[in-house]
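Chemist: Residue strings, one per chain:
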Amino acid sequence: MRLGCDIGGTFTDFVLIDDRSGSLRLEKVPTTPADPELGILNGLGLLSQDNPDFVKEIGVFVHGTTLVINALIERKGHPTALLTTRGFRDILEMRNELRYDIYDLQLEFPPPLVPRHLRFEVPERVAADGSVLEDLEEATLPAILALLRSKDIRTIAVVLLHSYANAVHEKSIRDWFARHAPDVSVSLSSDVLPRMREFGRASTTVATAYVRPKVEAYLNRLQQALCERKFCGALYIMQSATGVIGAEIAKSQPARIIESGPAAGVAAAAWWSAQCGLENNILAFDMGGTTAKLCAVVGGKALVTDEYEVGRLCHSKKGSGLQVNVPVLDLLEIGTGGGSIAHVSKLGLLKVGPSSAGALPGPACYGRGGSGLTVTDCDLLLGYISADNFLGGSMRLDRHAAERAANAFPLNMAVEDIASGVHDIANEDMASAARLHLAERGLPGENLAMVAFGGAGPVHAYGIATKLGINQIVVPPAAGVMSALGMLTANIAVDRELPFKALTSDISFELLGATFAHLEKDAAALLPPHGEYRRKVKFAANFRYVGQGFSVLVALTPEHWSDKTAAPSLRKAFEEAYRSKFGRLYEDVAIEIVDLRVTAELVPERTFQPLRLAKREAGSVLDAWTGERRIHFAGLGFVTASVFDRYGLMAGDVIQGAAIVEERETTTVFGPGSMLTVHENGSLIIAVGDRP
Amino acid sequence: MSVKLDPVQVEILWKRMVAAVDEAVATLVRVSFSSVIRDFHDYACAIFDADGRLLAQSTQSTPGLLGVLPFTVLNFLRHPQAQKLNPGDVLITNDPWLASGHLIDITVAMPVFRADSIVAYVLCTVHHVSIGGHVGSLYSRDVYEEGLRLPILKLYEAGVPNEAIFSIICDNVREADKVIGDLKAQVSAISVAATKVLKLMDYGGLATLAPLSEEIIHRTENAMSEALRALPEIRSTASVSLNGVPGCDKPVTLAVTVERRGGSILLDFTGTSEQLPNALNVVLNMTRSYCMFTLKCVLLPDVPSNAGLLSPINVLAPERSVLNAQFPAANWARSLISHLIPELIMKAIGDLMPEKLIASSGATPLCYGNFAGQYEDGGTFFAIVTFNGGMGARRTRDGLNSITYPGSVANIPVEVIESESPLVFSCKEFAPHTAGPGRYRGGVGQKVVLRVAENGRRRLKGSIRASIRGSRYGLPVYGLAGGLAAGIEATAVFNNEPIVLGTNIDMVPGDTLEILVPGGGGYGPPLERSREDVERDLRDAMITVEAAETIYDYRRT
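Going line by line, the protein sequences match chains A and B. Residues 1 to 692 in our numbering are what the first sequence spells out, letter by letter. Residues 1 to 557 in our numbering are what the second sequence spells out, letter by letter.
Hints may be right or wrong, so weigh each one.
Said to hold, decoys possible - Taking lysine-lysine and the DSBU-like style, the derived pairs with C-alpha atoms no more than 30 Å apart in a straight line are:
#: 1; chain 1: A; residue 1: Lys317; chain 2: B; residue 2: Lys199
#: 2; chain 1: B; residue 1: Lys84; chain 2: A; residue 2: Lys351
#: 3; chain 1: A; residue 1: Lys572; chain 2: B; residue 2: Lys199
#: 4; chain 1: B; residue 1: Lys154; chain 2: A; residue 2: Lys501
#: 5; chain 1: B; residue 1: Lys184; chain 2: A; residue 2: Lys351
#: 6; chain 1: B; residue 1: Lys199; chain 2: A; residue 2: Lys318
#: 7; chain 1: B; residue 1: Lys84; chain 2: B; residue 2: Lys250
#: 8; chain 1: A; residue 1: Lys318; chain 2: B; residue 2: Lys184
#: 9; chain 1: A; residue 1: Lys346; chain 2: B; residue 2: Lys4
#: 10; chain 1: A; residue 1: Lys76; chain 2: A; residue 2: Lys346
#: 11; chain 1: A; residue 1: Lys28; chain 2: A; residue 2: Lys251
#: 12; chain 1: A; residue 1: Lys317; chain 2: B; residue 2: Lys356
#: 13; chain 1: A; residue 1: Lys318; chain 2: B; residue 2: Lys154
#: 14; chain 1: A; residue 1: Lys346; chain 2: A; residue 2: Lys251
#: 15; chain 1: B; residue 1: Lys461; chain 2: A; residue 2: Lys501
#: 16; chain 1: A; residue 1: Lys301; chain 2: A; residue 2: Lys317
#: 17; chain 1: A; residue 1: Lys351; chain 2: B; residue 2: Lys4
#: 18; chain 1: A; residue 1: Lys346; chain 2: B; residue 2: Lys356
#: 19; chain 1: B; residue 1: Lys154; chain 2: B; residue 2: Lys184
#: 20; chain 1: A; residue 1: Lys317; chain 2: B; residue 2: Lys184
#: 21; chain 1: A; residue 1: Lys76; chain 2: A; residue 2: Lys151
#: 22; chain 1: A; residue 1: Lys346; chain 2: B; residue 2: Lys199
None of these hints come from the bench; they were simulated from the model.
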């Protein structure tokens, strides 16, 4: 059996798959923020009601947690010290010396995780080519240790210049601490991110050291508790990019699991899209109460970035957060959610956000004291969501409160025009951000299928798809446990990288092969074989035109370096990748390799099939019809839409728009001219058509 | 005929307009070659309506291009080359007086056609890697020495490249591959913007952009005028004197009179010194840019840039003055003067709105060095190193430490510079004690020590030509509202000998260079600084114990 478990802010979700029977079980328990493992144990308790021994039978337990990101955002990690090359202790705080908003004279940066008085310098120097210019003076370490002791600091980051080229001094410091202070946790930048550019490496290593004791303690407690329940399978943690890693790697490199929940959500979105036999180029769209998240998946693989920031002071402003350069899903986060409050700007225009009513007081229609007009209020006034059927009817929405908020809105327009304006502008904000995000990555939006989830995702998907020219929307079933499910669809992966500078025209294939072999050995050591999985190794290298800032990651195979006649094919491999990304080549510019990357993966031997919906034997889709209501579409005004109960739909059912499909966690909406088909795996697939 | 758009439609279409220029920039950055685009963000894309009025300018672009583009596009439109435009035509120029103030910025623009008529213009300006001429010198005597000058020409005619122009550029610049690559990236960028404009018009059902541009411009203009009306009606003046400017035995004066009349404002630079016989001259377009930048920062930082933001601002600078230099004045190093404009204006309007201003910044003007040389194996290198001082303190917070202001330039990491040149840094660190004290202190400055490697793997051929600039020429980094000035001037020490910033030096292996750039000025009386802030600064060694005792009257308890 395989268990996926995702800890979110409110709920801890479980998906249990029995590979023998193909059965799937979902469970949800409240999250226990102080000791997150208690929530897990509560869930295991629920799941074991039918089968007391089930924990013993779990072969693979994949877990996702917000522990790391919360510790960084809330600054609840452990006091951390930084050791750097003499003369460079302020690199961490200088960042890239650029203001993220050129017109804002009042701007601030998030304070560094390590204040200046805890940043220590050690005499040593390595050159860019890895040669040692100045030996490490170990004699300075006892005084630093004494200071750490006096301040009770037990986790340190070591970031020395050019350690990606030669880590000898970083390793000496680690060994020295192992001998003299084995209780101090030491994170080396050459382990965490062996890559050029000192600020990114320092910021990432410091973030690692800062959260490491907390993650270690948590995973130890979890392992202990599982052990007591006779768990004898393997514990894996979801990574921030795709794939999962062993718990031991997560303990030493916790930055890698920073976005594990959202990454698993996107993995699930890609998986559902494939299950539906659709395009493998998708736009995963998750919208909740405070933010929306978008991520492009190309060729079945989610885009990954190394330029990630945590806790931006301003959502849309690159440079306003803490930089963490681990591979993270290339996620676009937008400050638009159901709780975003509308206002009139000083130019007399309608704006949505950035302030949000959040969950408390929440939108006016929640009746908890919120009075600002929010996106959710407008969704209610426009008929997108129902006052009586919100969260399966467990929470009644107050339509009058929403109307009052709209009436009080300081714009001389009819209530319905205000509401539709708010809805449309919220959609435009998300669509504009998505367009720019895709343009920066050279992706045309039109060719993507959208997979929508999250409480407000399927409510707004249709409007955004229309704006982006997207003609297919998928709303998967079990959207409430997307992330927990995604954890079980992901491969177990370890990746290693090393800088490797060489022109393709002048490359040593022996050295290339040897470096790849070294990385492969490293990766394999971290990924012991496992019964239910088979191992797969993938090679890739970053290439670029000499002088151009962007590098392109190109997949390679051993044939590329196994014989000397292979030289032209390296260039060709790069050119193919470059052309598909930028649409052009530069014939007369030299090409160089920047770094080499190896990913070792364990692929599940068995893939599970989601539950199949039965085909309708008798009756019609109207059996799931629950009524109709008026719903407003921008440019069309109010039209009458049929309302359906998702739990009554069966495989092959077809619904013509305008229509609404309600389920416990969300509401799916689409307009006239569009058509919804129910897939046998339970997904709703909307073909977005032109309005009549 | 005239369509009236409601506040929702305006918001949506306007947002798309701004997104269109930002998407154009995304294309530019993606396909460009030079780190000037990638790291220095020295570019802008913009959309104009059929009358040449600015509707949107890219969000992430350098302040120096803020006030330039509206005038650039008008210069294009007045030119005989622009009288008969066809679809696919692309105009080009880098004339400092027609465009953005120095030759190294190349501007391209194209008309956007819908059916047979022009509905918009799109434009892109980029600071290139090279335009020929002297390398980064303060001492060029006229613009001819500074490189190739392209009048307004058609770079493409009906989509067909004018190969003659490409050849001329190719043979007159260093690193021609990068220059041509970046130039083509500019054309790709404006093509993207043009497509997006047409899509936006389809979406909004607009036959012309007029109804939208009216809304955008008038709403912005009204907001700007309103912000101006909220100021007291006042006429105030300020001036500063620079001493020791190369080639000048007299002080150079920059003077401004700021006069708010109704909903508009006049910035009159009468009283400013004559243009200079070297490269420090500023053309009027650049002076306008930093005027616009300052007023936008102070009055309406979050409103996107367009003609409406700019029209209430009138700028007057005497012809042949250093802030309105006339042909053929050299202007390569104009940022040494133009970066001082925001500070000068703030000094003049300081009494009107001290709460919105910042104290003077040690980071101003941008201090940086070019290091160019050759290896014996035939390879060359060209490294740019920025040295960033601190920013002035604000009314409710300390100034930012080591940051570019008012320019907007990311640093190039030490590890990148060292791997691409023979330079080795001994330190790059905060220079504590360089900031002006105050209730809120200025951001601290920076100290950088670097040397030429003695035993590098690649042997140098000859020496490295280094050119470092960034002096304030004696102008103090003043404080505001009782805050104190930063104590020091930017200094450069070459092999233990102080040198004048702006001097070119030749460096050989073993030579060292030490640069110290001051912090920002303080805000408010130092005695009002909170005890916690003083203690934090002491703990972080950002101030000395003596300073704590004497300036902040702090006694350890």
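Chemist: Now, for every hint given, state plainly whether the structure supports it.
Modeler: Hint check results:
no.: 1; hint: A:Lys317 / B:Lys199; result: holds, 26 Å
no.: 2; hint: B:Lys84 / A:Lys351; result: violated, 41 Å
no.: 3; hint: A:Lys572 / B:Lys199; result: violated, 36 Å
no.: 4; hint: B:Lys154 / A:Lys501; result: violated, 41 Å
no.: 5; hint: B:Lys184 / A:Lys351; result: violated, 37 Å
no.: 6; hint: B:Lys199 / A:Lys318; result: holds, 27 Å
no.: 7; hint: B:Lys84 / B:Lys250; result: violated, 49 Å
no.: 8; hint: A:Lys318 / B:Lys184; result: holds, 26 Å
no.: 9; hint: A:Lys346 / B:Lys4; result: holds, 20 Å
no.: 10; hint: A:Lys76 / A:Lys346; result: violated, 38 Å
no.: 11; hint: A:Lys28 / A:Lys251; result: holds, 26 Å
no.: 12; hint: A:Lys317 / B:Lys356; result: holds, 22 Å
no.: 13; hint: A:Lys318 / B:Lys154; result: violated, 36 Å
no.: 14; hint: A:Lys346 / A:Lys251; result: violated, 50 Å
no.: 15; hint: B:Lys461 / A:Lys501; result: holds, 23 Å
no.: 16; hint: A:Lys301 / A:Lys317; result: holds, 26 Å
no.: 17; hint: A:Lys351 / B:Lys4; result: holds, 19 Å
no.: 18; hint: A:Lys346 / B:Lys356; result: holds, 18 Å
no.: 19; hint: B:Lys154 / B:Lys184; result: holds, 14 Å
no.: 20; hint: A:Lys317 / B:Lys184; result: holds, 28 Å
no.: 21; hint: A:Lys76 / A:Lys151; result: holds, 17 Å
no.: 22; hint: A:Lys346 / B:Lys199; result: holds, 28 Å
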